Amino acid sequence: MSNKDLSFAIQHCEAAHSVVQRTAHRFSGRYSLSVEAGDGWSVVRLIGLVDDPERLEREFHAALLDDVLRARVEAETAPLRLLIVEAALRSALRDPDAGA
Amino acid sequence: MKFRPPEAFQPPTATGYRLLPFRFGRLPSRPDEVLVTGDSGRFAFLSDTDFRAFANHRLDPNATLTLDLEGLDLLYRGDGPIPLDRHAVAWRTRKAFVLEGPTLHIFVVSLRCHHSCQYCQVSRQPEGGAGFDMDEATARAAVDRLFESPARQLTVEFQGGEPLLAFDRIRGIVEDVAERNRTARRTITFVLASTLHGVTAEQLAFFREHRFELSTSLDGPESLHNLNRPTPTRDSYARTMAGVATAREVLGNEHVNALTTLTRASLTHPEAVVDHYIEQGFSSIFLRPLSPYGFAKRGLARQGYSTAEFLAFYRRALAYLIRRNLEGHAISEAYATLLLTSILTPFAHGYMDLRSPAGAGLGVLVYDHDGKVYPSDESRMLAAEGDERFCLGSVHEPHRDLMLSEPMQAILAAGLTEALPGCSDCVFQPYCGADPVDAYARQGDVYGHRPTSAFCARQTGMFELLFGYLREGDPDVVRVFQSWVRRRSPKEMRSERPVVFHAAA
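So the protein sequences, as listed, match chains A and B.
Quick note on the numbering used here: the first sequence kicks off at 1 and runs consecutively.
Quick note on the numbering used here: the second sequence kicks off at 1001 and runs consecutively.
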């Protein structure tokens, strides 16, 4: 099996460029890759041993869907997580012997 | 604080609940289900449909599933402010080690050793070598640093080489620590990591007087142990077991522990290794893979194996351990116990190599025989190979300066799984840790690259294995796991399905 070059584009209305980058990072152990931002699109290029390009693209899109959701949940819950961590640190500094 | 911040008063969304921070992923064995883990460490397995409904605020606020997820701290249904204090306590409990400061202080009293193990990660020197023992001034300065640590509970561990070859130095350090602790009043545990070869009655009496915990290496049956741990007299196994027997007589079985280092030769014998530990009366076994450090690096080609090979071994060994426990032999696997403690209890496991922020420097300090201070044993190994980048300074420098040193800044920057690419959104993040020294040793970069990291692959594989068992929910297996976490015999545990997660239908 020889190295193959697979490219596909993802619209930013589907996933932000930063999310596409995050998904691409997950594939960076198996493929050489690049992610370029175009006008409203991210272009992903994977180079490596690809025996079934369509399956690989489906796998990428499935991972991307999860990462889109992760980004949304992260944005929704990050302020709360910050509040919790701040409260934890404040209480630990105020009263080192209590709570934990 | 008198007033809560405005965010805490946000009402639930129109759908009746707010999401609390969580991560999610899928087990290879159950790709149609979603594992959801909260920051508190609680978790749930959901069907894909339920998960999408949950994450998209489409669950009925009064449905049983919604109530269960609220009980697991994955969502909040209340009209009032989110109970920040309760969540803060959960966070604080899991990160209690952060404010303790270094609790583990390793004194490398000698580099000399009588073994020549291929896999040894320590920069050992010949038994008769000169200039490889810690001198008195270094030892006293190291004890100064020990008591500068803010931790109330301190562990003083003696390592080598073979530390028993410098027993007089151990005695001097212990007596110095005991004397100073009359006023410092810390809780101190002494640990000796030794082959126990030739340990004497006088030494054991001293260890008993100071309540030492002894830790030795036992790689399995005699032939395997002697193959892995050669000595000129080719009797390493016999001498180790003789030392174990004598030490048990004086200190008691529970104060003499062993761990095994796995070579390629070990991988085909998981059952034999486990059975040998049972036969020898150990209640715990630590199935430790080879380390990519120091002398061990040179032996990797001959004795090493892939992560996949290790995980195949570990899977088989764990299944066999569970079986043997159910047959009435109470023996735990130490690493699985650490991970399960983090998964099944509100507490962190405390294991230095698996913390976030990293345990290196923040949880452990190593005082080398020559007075150099390192943030971990592994960084000492790198230094022995000529790479001093993690040396924090000298034992004669104050604790504060060591903590503010450049290597510590690098470790702090790269030591948070909450912020590392590939870790921050990993479903296993609440239970895992960062080890920048290990990342550097394996990948040449303190931040590491998770998609190609053997450390990450091994951790992920082990978490998938344990969560796979928990998802199956076999009451007997869960009973064994709970017995490990609670340090009891499986016979003392009730057989029941775990109530810690909501299983998908």
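These aren't lab readings, by the way, just hints derived from the structure by calculation.
In this text, all values refer to a predicted model and were calculated from it rather than measured experimentally.
Just to be clear, a hint being listed does not mean it is correct.
So, partial list: chain B residues that the calculated Cβ filter (under 8 Å) puts toward chain A [stated by the list, open to error]:
id, residue
1, Leu-1059
2, Leu-1084
3, Trp-1091
4, Arg-1092
5, Ala-1245
6, Ala-1272
7, Leu-1416
Every residue gets a Cβ at the ideal spot worked out from N, C-alpha and C, and that includes glycine.
Taking the hints in turn, this is what the structure says about them:
1. Leu-1059: At about 14 Å, which exceeds the 8 Å cut-off, the nearest Cβ of chain A leaves the hint on Leu-1059/B violated.
2. Leu-1084: Nearest chain A Cβ about 5 Å off; hint holds.
3. Trp-1091: Because about 4 Å separates Trp-1091/B from the closest Cβ in chain A, which is inside the 8 Å limit, the hint holds.
4. Arg-1092: Where the cut-off is 8 Å and the nearest Cβ of chain A is about 4 Å from Arg-1092/B, the hint holds.
5. Ala-1245: violated (40 Å)
6. Ala-1272: violated (34 Å)
7. Leu-1416: Interface hint status for Leu-1416/B: violated (12 Å vs cutoff 8 Å).
Consistency with the previously given hints fails for numbers 1, 5, 6 and 7, ordered from lowest to highest.
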